[in-house]
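*Asks:* Here the protein sequences line up with chains L and A, keeping their order.
Under this note's numbering, think of the first position of the first sequence as 1, with each following residue one higher.
Under this note's numbering, think of the first position of the second sequence as 1, with each following residue one higher.
It is worth saying that the hints were derived from the structure and are not from the lab.
One or more of the hints may lead you astray.
Stated by the list, open to error - Calculated Cβ distances over 10 Å to all of chain A for the following chain L residues:
| id | residue |
| --- | --- |
| 1 | Glu-27 |
| 2 | Asp-115 |
| 3 | Arg-394 |
| 4 | Leu-863 |
Unchecked claim - Below, computed lysine to aspartate or glutamate pairings styled on EDC-like, alpha-carbon distance capped at 16 Å:
| id | chain 1 | residue 1 | chain 2 | residue 2 |
| --- | --- | --- | --- | --- |
| 5 | L | Lys-245 | L | Asp-53 |
| 6 | L | Lys-245 | L | Asp-186 |
| 7 | A | Lys-59 | L | Asp-112 |
| 8 | L | Lys-245 | L | Asp-282 |
| 9 | A | Lys-63 | A | Glu-77 |
| 10 | A | Lys-59 | A | Glu-108 |
| 11 | A | Lys-63 | L | Glu-23 |
| 12 | A | Lys-63 | L | Glu-6 |
| 13 | A | Lys-59 | L | Asp-53 |
| 14 | L | Lys-19 | L | Glu-34 |
All C-beta atoms in this analysis are idealised placements derived from N, C-alpha and C, irrespective of residue type, glycine included.
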Amino acid sequence: MAFISEWIRRLGYLVRRRKIEDELLREMEAHRAEMNDPRAFGNTLRLREEARDAWGWNWLDDLVHDTRFAWRALRHSPAFTLTAIMTLALGIGVNIGVFSLVDSLLLRPLYDRPDEVVGVYNRRTTAEGGFRGVSYPNYVDLREGTAGIFADLAASSMTFVALDLGEGPRRTMAAGVTQNYFQLFDQPLAFGRPFTADESRLGGDIRVVVISFALWEQTGASEFIVGRTLRINGDEFTVIGVASKGFTGTAIPGPDVWLPLGVQAASPTAAASPAPTLASRDAHELTVVGRLRSDASFDAAAPTLATIGRRLEQAFPDINTGYTFEMAAPFRLLFMPGPSNGALNAMLALLMMVMPGIVLLVACLNLADLLLARGHVRRQELAIRSSLGGGRGRLTRQLLTEGLLLSLAGGAVGLFFSRWASDALMASLRPILPVAVNLPDLGLDWRVLAGTVGFSLLASLVFGAWPAWSLTGRAAVIDLKGRLSEEGRRVGNVKIGNALVVGQVALSVLLLACGGLFLMSALSAATADPGFRLDGGLLVEIDPSLAGYDETRSRQSQLALVDRLRAVPGVEAVSIGSGFPFSSFGDSRSVAPAGATDARSNSVDSVFITVGRDYLRVLGVPMIAGRDFVEAELTPGSSEPVAIVDDMLAQQLWPGESALGRLIQFADAEGSEAGRSMRVVGIVATLKHSLSNPRPFPHVYVPLGQHYESVMALRLRVANGTPTSEMMATLRRVIVQHDVRVPVLRVQTWRDHLDEGLDVWVYRAGARVFSTFAAIALLLAVIGVYGVKSYVVSRRTREFGIRIATGAQPRALIWQVLSEGGRITAIGVGIGLVLALAAGQLLQGFLYGVRGFEPVVLVTAPLILIVSSLLASYVPALRATRVDPTVALRSE
Amino acid sequence: MPRDTGLPPGTLMMLVLRVLLRQPLHGYAIAQRIRQLSSDELSVEEGSLYPALQKLLVKGWVKATWCQSDSGRQVREYRLTASGRQQLEAEIGEYRRMTGAIDVLLKEA
Numbered sequence: 001m002a003f004i005s006e007w008i009r010r011l012g013y014l015v016r017r018r019k020i021e022d023e024l025l026r027e028m029e030a031h032r033a034e035m036n037d038p039r040a041f042g043n044t045l046r047l048r049e050e051a052r053d054a055w056g057w058n059w060l061d062d063l064v065h066d067t068r069f070a071w072r073a074l075r076h077s078p079a080f081t082l083t084a085i086m087t088l089a090l091g092i093g094v095n096i097g098v099f100s101l102v103d104s105l106l107l108r109p110l111y112d113r114p115d116e117v118v119g120v121y122n123r124r125t126t127a128e129g130g131f132r133g134v135s136y137p138n139y140v141d142l143r144e145g146t147a148g149i150f151a152d153l154a155a156s157s158m159t160f161v162a163l164d165l166g167e168g169p170r171r172t173m174a175a176g177v178t179q180n181y182f183q184l185f186d187q188p189l190a191f192g193r194p195f196t197a198d199e200s201r202l203g204g205d206i207r208v209v210v211i212s213f214a215l216w217e218q219t220g221a222s223e224f225i226v227g228r229t230l231r232i233n234g235d236e237f238t239v240i241g242v243a244s245k246g247f248t249g250t251a252i253p254g255p256d257v258w259l260p261l262g263v264q265a266a267s268p269t270a271a272a273s274p275a276p277t278l279a280s281r282d283a284h285e286l287t288v289v290g291r292l293r294s295d296a297s298f299d300a301a302a303p304t305l306a307t308i309g310r311r312l313e314q315a316f317p318d319i320n321t322g323y324t325f326e327m328a329a330p331f332r333l334l335f336m337p338g339p340s341n342g343a344l345n346a347m348l349a350l351l352m353m354v355m356p357g358i359v360l361l362v363a364c365l366n367l368a369d370l371l372l373a374r375g376h377v378r379r380q381e382l383a384i385r386s387s388l389g390g391g392r393g394r395l396t397r398q399l400l401t402e403g404l405l406l407s408l409a410g411g412a413v414g415l416f417f418s419r420w421a422s423d424a425l426m427a428s429l430r431p432i433l434p435v436a437v438n439l440p441d442l443g444l445d446w447r448v449l450a451g452t453v454g455f456s457l458l459a460s461l462v463f464g465a466w467p468a469w470s471l472t473g474r475a476a477v478i479d480l481k482g483r484l485s486e487e488g489r490r491v492g493n494v495k496i497g498n499a500l501v502v503g504q505v506a507l508s509v510l511l512l513a514c515g516g517l518f519l520m521s522a523l524s525a526a527t528a529d530p531g532f533r534l535d536g537g538l539l540v541e542i543d544p545s546l547a548g549y550d551e552t553r554s555r556q557s558q559l560a561l562v563d564r565l566r567a568v569p570g571v572e573a574v575s576i577g578s579g580f581p582f583s584s585f586g587d588s589r590s591v592a593p594a595g596a597t598d599a600r601s602n603s604v605d606s607v608f609i610t611v612g613r614d615y616l617r618v619l620g621v622p623m624i625a626g627r628d629f630v631e632a633e634l635t636p637g638s639s640e641p642v643a644i645v646d647d648m649l650a651q652q653l654w655p656g657e658s659a660l661g662r663l664i665q666f667a668d669a670e671g672s673e674a675g676r677s678m679r680v681v682g683i684v685a686t687l688k689h690s691l692s693n694p695r696p697f698p699h700v701y702v703p704l705g706q707h708y709e710s711v712m713a714l715r716l717r718v719a720n721g722t723p724t725s726e727m728m729a730t731l732r733r734v735i736v737q738h739d740v741r742v743p744v745l746r747v748q749t750w751r752d753h754l755d756e757g758l759d760v761w762v763y764r765a766g767a768r769v770f771s772t773f774a775a776i777a778l779l780l781a782v783i784g785v786y787g788v789k790s791y792v793v794s795r796r797t798r799e800f801g802i803r804i805a806t807g808a809q810p811r812a813l814i815w816q817v818l819s820e821g822g823r824i825t826a827i828g829v830g831i832g833l834v835l836a837l838a839a840g841q842l843l844q845g846f847l848y849g850v851r852g853f854e855p856v857v858l859v860t861a862p863l864i865l866i867v868s869s870l871l872a873s874y875v876p877a878l879r880a881t882r883v884d885p886t887v888a889l890r891s892e
Numbered sequence: 001m002p003r004d005t006g007l008p009p010g011t012l013m014m015l016v017l018r019v020l021l022r023q024p025l026h027g028y029a030i031a032q033r034i035r036q037l038s039s040d041e042l043s044v045e046e047g048s049l050y051p052a053l054q055k056l057l058v059k060g061w062v063k064a065t066w067c068q069s070d071s072g073r074q075v076r077e078y079r080l081t082a083s084g085r086q087q088l089e090a091e092i093g094e095y096r097r098m099t100g101a102i103d104v105l106l107k108e109a
């Protein structure tokens, strides 16, 4: 209590300071007037000083004074100030930018009270482990058995739908959810209402939708959106609600639309053949998430789940044997089958922070450099202040305040940079995602702000304190004599400044080399030979099932479209097939000789592609033996099951023998494929399937009639000289005229398809990120070299003056300055090369077509640095030749 | 940095509190009282009274009000507060304990 009232009095003093001091003065004057000998009173000024001490605000006075002084000092050297602020802003901005991205993607909780939200997973108990989804009937049993544990247990499915806002259908992500799904979260909806039990009932088919905040903004952000309709898979859906800003459910990226689990569009396998209904206990398609009751503990809940797992195993042995249920934090990144791995997320976050961390280090070295160089210019000033009684601590504090002011300004500007940096990163991330997705906001939250202030303070403390201390040392006092003593020269911080530059150069070489390695990977990935001809190739992807077509109608639509496109002038050949080489997603089968006793162990994992006629001819893959599929094989049930295999698969199944005419089967076949044997009618050349794995991969092709996929890619080869952009527009028009309901998912050239593929993207993103960081580091290093050289030249004005006066050639002076700069650079480059070699070894596994030890990179990166640092030294060197001898001789 | 007042640290504040215990006084009068009571033994630089008074104000042990002095001047009168009284008692107690202990030590040793 006493403590608080004392502080209130102290604060009161701050407010009424002038009045209190006036009163004290009046009082003291009155006292002196009463005295016979006022001299016995003591020194009034000093006494008032002491009285002021009593209030304990001296540090604040000093701070205000220091800040004012620093502000004036900085304003007097705008070039220095600007350079220092920009240096820091770059370093801090890049870090905050990357951190806010990492934070929102990997670290920040996506919903309130995250500890209570858990995922329930269906785990295989056998040795190989692994997870599968949960079927709806199993989910219902789970929910009923765990009412004592979970306040709510909800299920959701993830699927793609064709969304039409009036400008044609596009594919987007949708989640089908149970009625209680939104109850898991605090404030999931911005407005509108969640689904009702009726709407979510399986088979209910009540067409209502909750849209994401981002989609709502795309539709014009109307407050009257509720009650309007939009088209999903060709049907009208009524909007009943809008999700809160940034709401993505338990994972990112989140869906664009939420549908009640009861509508057909929400069924994740609507596109597959035959379409299983969610009601089947064998359709393991759902993700289950629950919120624990406040009186239930995580640990106590586990045995209950295990019990339910055993009960379900006994009740439905053919479906549930070997599976149990367990709880874990819900998975954070979509498309991951198992629970989220917190350690993995933290690891990724750490990895992503390494590069910006190096940039910050370079920026800080630079700042220390700048402060040091500037301090030398001000030696005389410091020496005078020190001799007038400014203690070393006081002077150091003054210099630190300057550093602090710079850091805070740098941090503030850095915040702007960070916005730009994270937006740029986000923009380069989007293209890999196969559809438009709902990512959380890159909000500026308290962590980011705290991070900024933290980075700023750290930078100024670590890299400002030490130059400040060294500058206020004994040597500084000696400086008052107007020139450096021998001691001052030895302690002289040129060496330290050089060491700082060496550090910057080394780190820049490291980043440049890493950037170079990724750049070369990206180049070689982009120019890699895919094994077929890219010129004139166009790709059209359609999904008739999104128009609500069933298997038969989809197939008709696909085949009719092939015929229609074949008739377009300029098109040489058209074929159709599921998947395309170098796609991010693909299907596979284990192929074995039919009738093999141990089919599983003798099988060969192969890429599985469903194709129409001419598929391989359009790609330009040569037929080695046998024939292509015929028209009759494109419709179901009309002929003997057949397949085409590639050379590699044939050789592995029947080494040294001909595979033609033999029978194969799929060892991992399910449903209608089980037990079917297919006759090999053709053998083709082998294709690569993935760029990151340049080895070819076995392929097996089956005709359209034997397997149904709703998403089909039409491949066309157009005649030489046909303008592709015009052709693509024509194709879109023709397809819409052909059937307006079928969404065209994309039309692009094969080359673009490869370029946009995940494989190439990874290298390109790596190259872009590394080169950006390297460029920033290079810029900073150049500033550092320039700063130190300028400083060195200015300190040696006298020496240069004398040499010019005695007839030295300008060229000799320039050469001298450059060669001194060259030595620092050479040492830095040497250290940087060693670092780059080490980093190359670490990165080896991530590179494509490039070795960690890559001579081109190891020569180019240092060369860039040497040239830039020579240029940076050249300007100060030139200045050395312009020294006026008469001025120079008087300068020290 | 407090200067040497010729007194052990903190003693001046205790003396001021003690003087104010009997009646509220202004600065000059406090100085007179201290000199008078100590029979000029404790000759304090009079001005150093004021930093001490400011400290007492910060602590809330005294309150100050402006009023007219006997000689007709505007002076500031200091009055002991309840917490000042407590503080004085505590300090006197502490002082007694210390001097007692030192006394015993000097006699017995």
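*Asks:* Taking the hints in turn, state whether each one holds.
*Replies:* Hint check:
For Glu-27 (chain L), the requirement that its beta carbon stay farther than 10 Å from each beta carbon of chain A is not met, with the minimum near 5 Å. For Asp-115 (chain L), the requirement that its beta carbon stay farther than 10 Å from each beta carbon of chain A is met, with the minimum near 46 Å. With a least beta-carbon separation of about 14 Å from chain A, Arg-394 (chain L) lies farther than 10 Å from that chain, consistent with its non-interface assignment. Residue-level check passed: Leu-863 (chain L) sits 61 Å from the nearest beta carbon of chain A, beyond 10 Å.
Distance check on the hinted pair: Lys-245 (chain L) and Asp-53 (chain L) sit about 53 Å apart at the alpha-carbon level, beyond 16 Å; violated. A distance of roughly 13 Å separates the Cα atoms of Lys-245 (chain L) and Asp-186 (chain L); the hinted pair therefore holds under the 16 Å criterion. Note on Lys-59 (chain A) and Asp-112 (chain L): the hinted pairing is violated, with a Cα-Cα distance of about 46 Å set against a maximum of 16 Å. Proposed proximity of Lys-245 (chain L) and Asp-282 (chain L) is contradicted: the alpha carbons are some 36 Å apart, above 16 Å.
With a C-alpha separation of about 8 Å, the suggested pairing of Lys-63 (chain A) with Glu-77 (chain A) holds against the 16 Å cut-off. In summary, the hint linking Lys-59 (chain A) to Glu-108 (chain A) is not supported, as the alpha carbons are separated by about 39 Å, beyond the 16 Å threshold. Straight-line distance between C-alpha atoms of Lys-63 (chain A) and Glu-23 (chain L) comes to about 14 Å, which keeps the hinted pair within the 16 Å bound. A hinted pair counts as satisfied when its Cα atoms are at most 16 Å apart, and Lys-63 (chain A) with Glu-6 (chain L) qualifies at roughly 13 Å.
Distance restraint check for Lys-59 (chain A) and Asp-53 (chain L): the Cα-Cα separation of roughly 13 Å lies within the 16 Å cut-off, and the hinted pair is therefore satisfied. Between Lys-19 (chain L) and Glu-34 (chain L) the CA atoms are separated by roughly 23 Å; this puts the pair beyond 16 Å, and the hint is violated.
Against the hints set out earlier in the document, violations occur for numbers 1, 5, 7, 8, 10, 14.
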